[in-house]
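*Asks:* Sequence:
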Amino acid sequence: MRQPHSLREAITVARMREERLEQKRKATRSVPPRLTDIPRMPNPSFLAPRLPTPIPIWRITWEEMQQRRERGLCFKCNDKFTSGHRCKTPQVHLIEADREEDAEGVGDGELDLHGEGQTEEGAQPVISLHALSGWTGPKTMRVMARIQEQPLTVLIDSGSTHNFVSDRIAKQLQLPIDATVQFGVRVANGEILQCREMFRAVEVELQGKIFLVNFYALPLVGLDVVLGIQWLEKLGPVLCNWKQMTMKFW
Numbered sequence: 001m002r003q004p005h006s007l008r009e010a011i012t013v014a015r016m017r018e019e020r021l022e023q024k025r026k027a028t029r030s031v032p033p034r035l036t037d038i039p040r041m042p043n044p045s046f047l048a049p050r051l052p053t054p055i056p057i058w059r060i061t062w063e064e065m066q067q068r069r070e071r072g073l074c075f076k077c078n079d080k081f082t083s084g085h086r087c088k089t090p091q092v093h094l095i096e097a098d099r100e101e102d103a104e105g106v107g108d109g110e111l112d113l114h115g116e117g118q119t120e121e122g123a124q125p126v127i128s129l130h131a132l133s134g135w136t137g138p139k140t141m142r143v144m145a146r147i148q149e150q151p152l153t154v155l156i157d158s159g160s161t162h163n164f165v166s167d168r169i170a171k172q173l174q175l176p177i178d179a180t181v182q183f184g185v186r187v188a189n190g191e192i193l194q195c196r197e198m199f200r201a202v203e204v205e206l207q208g209k210i211f212l213v214n215f216y217a218l219p220l221v222g223l224d225v226v227l228g229i230q231w232l233e234k235l236g237p238v239l240c241n242w243k244q245m246t247m248k249f250w
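Just so it is clear: in the sequence shown, position 209 is 209 by full-length UniProt numbering, and no numbers are missing.
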């Protein structure tokens with residue numbers, strides 16, 4: 001399956017994968033052969049099985065998805081979202097965004113941040129579509145970490161240049177804002193996000209080790225923290241096994 005080239009494709013593919021796996025778990029009954037030697041009225045037990053009812057497709061905008069996230073609701077249904085949540089009725093959701101013509105010139109699988117300028121490090125931050133949408137992709141690892149004893153879902157993403165924290169988590173933990181630098185985040189489908197907050201030297205506990213991490217706040221979906229190249233570079237030599245989802249560093 002090809003990699004998604006936009007936020008729309010990333011969310012749609014992720015939801016379709018989930019529904020496809022769910023359908024595979026259901027065993028299908030075989031159809032007995034029909035008797036043709038003696039004409040008879042069709043027996044209900046030998047009738048071909050009915051085709052499955054098409055899964056309804058719901059279209060939601062980026063704004064609607066953000067509103068559901070802020071209210072703690074599932075993107076696919078209106079139930080409260082908790083760990084291990086599964087929708088009662090299978091659905092396929094399609095996120096629609098405006099101004100798709102503005103997406104020209106944006107690299108595949110990446111979002112470029114621009115506006116008033118660059119970060120204080122002098123580099124223009126980039127966040128991958130996988131990180132923004134919460135969809136695990138190639139060369140990414142999903143792990144658990146803690147900030148202020150709060151368990152958080154972390155995506156280690158070599159496709160993102162900087163480290164990002166969910167604006168919701170930053171507000172919940174009351175992280176002190178170190179600097180306010182406004183710059184835009186251009187999504188491949190033309191959506192513009194704004195980053196106005198930076199958090200310096202935040203203590204992150206990851207599998208027994210403490211790291212001091214600088215974060216930029218963004219409205220992340222499906223996860224709390226993104227650790228990008230800026231964090232990976234500080235580890236020094238890193239040995240990754242993407243099949244077993246393990247990392248070793250010295």
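Hints listed in this document are in silico derivations from the structure and should not be mistaken for laboratory results.
Accuracy of the hints is not assured; some may be wrong.
Stated by the list, open to error - Result set (BS3-like, lysine-lysine): computed pairs, CA atoms no more than 25 Å apart in a straight line:
id	residue 1	residue 2
1	K248	K24
2	K88	K24
3	K248	K234
4	K209	K234
5	K248	K209
6	K243	K209
7	K171	K80
*Asks:* All hints, please: hold or fail.
*Replies:* Outcome of the hint check:
Our distance criterion of 25 Å between C-alpha atoms is broken by K248 and K24, whose separation comes to about 35 Å. Annotation: proposed proximity of K88 to K24 holds, straight-line Cα distance about 17 Å (limit 25 Å). Straight-line distance between C-alpha atoms of K248 and K234 comes to about 13 Å, which keeps the hinted pair within the 25 Å bound. A distance of roughly 13 Å separates the Cα atoms of K209 and K234; the hinted pair therefore holds under the 25 Å criterion.
Of the supplied pair hints, the one linking K248 and K209 holds, its CA atoms being roughly 13 Å apart against a limit of 25 Å. As the CA atoms of K243 and K209 are separated by approximately 23 Å, the hinted pair is consistent with the 25 Å bound. A threshold of 25 Å between alpha carbons decides the hint, and for K171 with K80 the separation of about 20 Å falls inside it, so the pair holds.
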